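Assemble chains F and H onto chain G, guided by the hints.
Heads up: the protein sequence lines correspond to chains G, F and H, in order. Quick note, the first sequence lines up with residues 1 to 255 if you use the working numbering. Quick note, the second sequence lines up with residues 256 to 869 if you use the working numbering. Quick note, the third sequence lines up with residues 870 to 1085 if you use the working numbering.
In short, the hints are calculated from the structure, not lab data. Note that the structure is a prediction, hence the values are computed from the model and not measured. Check before you lean on any hint, since a few could be wrong.
[As the list claims (entries may be wrong)] With a cut-off of at most 30 Å between alpha-carbon atoms, the simulated DSS-like pairs for lysine-lysine come out as follows:
#1 F:Lys685 with G:Lys125
#2 G:Lys20 with F:Lys711
#3 G:Lys82 with F:Lys825
#4 H:Lys954 with G:Lys116
#5 F:Lys550 with F:Lys378
#6 F:Lys634 with F:Lys825
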Amino acid sequence: MSRTLHFEIFRYNPMDPDSKPHMQTYYLEEKDNMTLFLALNEIRETQDPSLQFDFVCRAAVCGSCAMVINGRPGLACKTKTKDLPDKIVLHPLPVFKLIGDLSVDTGTWFRGVAKKIEAWVHTTKTFDPNALEERMDNDLANEIFELDRCIECGCCIAACGTARMREDFLGAATINKIARFYIDPRDERTDEEYFEVIGTDEGVFGCMGLLGCEDVCPKQIPLQDQLGIMRRKMAIASLGGKVGKLFSVFSKKKK
Amino acid sequence: MQTFYTDMLCIGGGLAGERVAIEAASAGFDCIILSLVPPRRSHSCAAQGGMQAALGNCAMGEGDSPDVHFEDTVKGSDWGCDQEVARLFVDTAPIVMRELAFWGVPWNRVVPGPAVYFKGGQKFEVYEKEEKAGLITARAFGGTAKWRTCYTSDGTGHSVLYTMDCKALEVGVEVHDRVEALSLIHDGENCLGVVARCLRTGELRVYFAKTVLIATGGYGRIYKHTTNAVINQGTGLILALDTGIVPLGNMEAVQFHPTGIVPTDILVTEGCRGDGGTLLDKNEYRFMPDYEPEKAELASRDVVSRRMTEHIRKGFGVKSPYGEHLWLDIRHLGEKHITTKLREVYDICMNFLGINPIHELIPVRPTQHYSMGGVRTNKDGAAYGLKGLFAAGEAACWDLHGFNRLGGNSLAETVVAGKIVGEKIVEFLKGYEVNIKTSYATAEVKKQKERIEKLKNSSGGENVYKLRNEMQEIMMEKVGIFRNEKDLQEAVDSLRTLLDRSKKLSLASNGIGANPELAEALRLPGMIKVALCIAYGALQRKESRGAHYREDYPYRNDKEWLKRTLATWKQGDDLPTLEYEPASKVFHLPPGDRGYGEGKVIPSDEDEKSGDNK
Amino acid sequence: MSVDTTVESFKGHRLAGWLDWLQMLTGLTLVCFLFAHMLFVGSVLLGAKSFDFVAAFFERTYLAQVGGPILFFLFLLHGFLGARKMPFRTKEQKLIVRHAKMMHHRDTWFWVIQAITGAILLVIASIHMWTVLSDLPITAAKGAHELETGLWLIFYLLLIIVGALHGCIGLYRIGVKWGVVTRAKRTKALKCIYYLIGVYVVVELLNLLRFYFLKV
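Bound-form chain G, shown alone:
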């Protein structure tokens, strides 16, 4: 099977005054079961030790290695070279701040939005170390976990037309995160309080339904469905007053 892979990789080191953004070419012999994780490391170790990219778990659970692979945002660690053509073009994720070459600062971005939406369980209770835990239906626990599976790799943000045009758009991962707290009975925030956080054009109403997020999500999180559900809930909350009450039968949060 052996073929020679032709890599075109975006290069730019913002810390180096002599560095200009450009595409650099590398050639590499393909091996069995090669992933972009193995390929990029081999390039770094044998051809160009200055090449910057991020890997941590190399098992698609930490979300570090998202990059644009032949035009599509995806996780490099779980991309097998055998699924790619001979020519592989790699760019850093757009939207996020570039650190160098293929490395971008997704961490700061996600921490920023988590702060904005106050992504933690809001409760007035205090923990009692001597009490039994509050009971929860196992199905609900699974449902929460399903939304909690997001690894914040940033693919959905980079694939989102809105996020690229509007810097302040919260993006699918963030709205999904809100959905996770929304269905969690431990979080005591009301519909109105959630509305305050995402009932804006930077939040759910900013989504234009391009579905880039849905189609690139490496964890297949049901982003499309969650965006729809949250838009409906928030739209109903926005009606407020009597009209809102009429609809609220359909949107009552499990408490």
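Same frame as chain G, now just chains F and H:
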């Protein structure tokens, strides 16, 4: 130069580091986390299995108690653990699990009514009680008498880490990610902070802190095959070692996991075997019951790993271009079980192997997995040797695990130790003042600057990746699952040569900014030192205990070796200095048989008196 | 810890939600009208007389005189609401096109198409509505007469295609955005949308040809 000042500085943003930080921040202290990566990308997120805590809610956990958990833990450690610590741990674990539930972890819960489980490939039915409905449930893990591993589907580490990071955000823990601590600032008595390097810009920074916590996780990457993330290079251990004062404990205790996939060494969870997955050889014959009739695939990790290696050595391994391996079979668990409860495993097989575990066998081999050793601390988490320095989690040798850690105990340790050590740090900080002399920082910064300049301008000609690969191969081949005098001596000799050669490292690139080659070159000499601590400690320990298995000394020797190795590195030396201390101050459970049907024991004199304590 | 929210600030923020409702509802109304329009005009296929009969019905009941301007208003409102989401600055426009090219992604292209067709519609549908509504009554003869100049033929061809694309893709995206078209239903929904576009274009083309060859 950027200089920061804080009450507590946490090196490492995984579960242990964050849990400690939350405790300190909640008590009103300023707290900064330094992390190589954004905290949510820490290796804690990769833990799939679960956390052990004796809640006793599920049917198979009925009758469980901290006492039973204690016994399992001590036996698992092969009596190498600190029993005071183990006691503290098992008593606190249930509270911490409930606290996590309170913070938002979606633990799987008890579903009342009949439930079908698999164990050792056999299907059996139990009845979950109505009164336990909705409480935190548990699954089976190797080496435990009861089912007590709390889990969230197969993403326990991920969910707990995300919940933890949310909590940290709420209580105002400050995070400086992509920052690497290069060395500790200390005056020989007190720890005063660290000199760090920003991995975005390459610039050096100074952090002054009243207390410093090392929570950098394991050092798996000094081995060629490891399930650890690529950032697990033992950076925190290097910090401690470089002080010349702070000892590392039991570095020779290295755990291998039975089921790393071939060739990428990604771990597939013990949950596979817990739920009834079986191990097969080249004839697709299930061999574990022959070696371990009672526990079979569910014997503790060191035993299963060793039996697998033994079976491969007997010629029953499956040959492949990447070396020999065995098969893991989970096909009989069925599509629904595999795609829900073991979905991460399913994804790993599909994504990284192109194998469908519903219909096909998974190639596995034992792979370096966990470091029981680490920065030696007392039961409060305070490191030996320097006031104000603490450690927690895998980076620490708190010593809950002794010579072998039970599955599910390490992930639980991160949060349980995190809570306990966090509380102790808060106690320590209350009213604590230390004189910070800036000259110590200036000297340390100068030293680091010189190192960096030397690497950039050196013409020594040694390549960092080549040297690293050599180290990894030595460790894998000679300091692996089966150890003996000859191999270990060779390993020590070659590692000393490597350490010497590492002085001649020079960069092939310009080293400007966030240069990855420079970062690696700065770590490598320290990594070789850590490797030497392991190899030299293993060479000196002339017995077999838990995961440390000497072919030439196959018995556990309680008479001479019921003790813990402490390794310090004196400046200018090319070998660590080893000292020893008793394994435990108290023995609630006197040394006895592990009950895994393997190995003989040379009892200590006292042990003979204490009688049968199985 | 919980979020402190005052009633006042909350009310101020509701606007985004209201506008989103309006955008969806006006869009939905316009799509309905689009297809109703297709059917009304389709009466010409049965002959000029039946077309005139339908037209006269709308005028007799004042639906044309009152409904027409209301529709025109809804149309402008929808255009205004839509424009809030559109890339206005050249930098943004370049970005979205570059993004669509990078992604090779159908739904992203759909949106680009919708943005472009929306902008075109705002101009040409306005002209169409103005010419029709400012010169009541509507008769088949007028329509046929208009088409005698070739320019109008091209105008209507464009209007049909642009209208079909904008309306049908818009309908699909309303479904997606509001969670009616879920992940499970997406493939099916897309198929329906393709059929809808096809049906609309074919019927309206037939209508157009009928007018073109209409001898009054």
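Which earlier hints can't be squared with this structure?
The structure breaks only hint 3.
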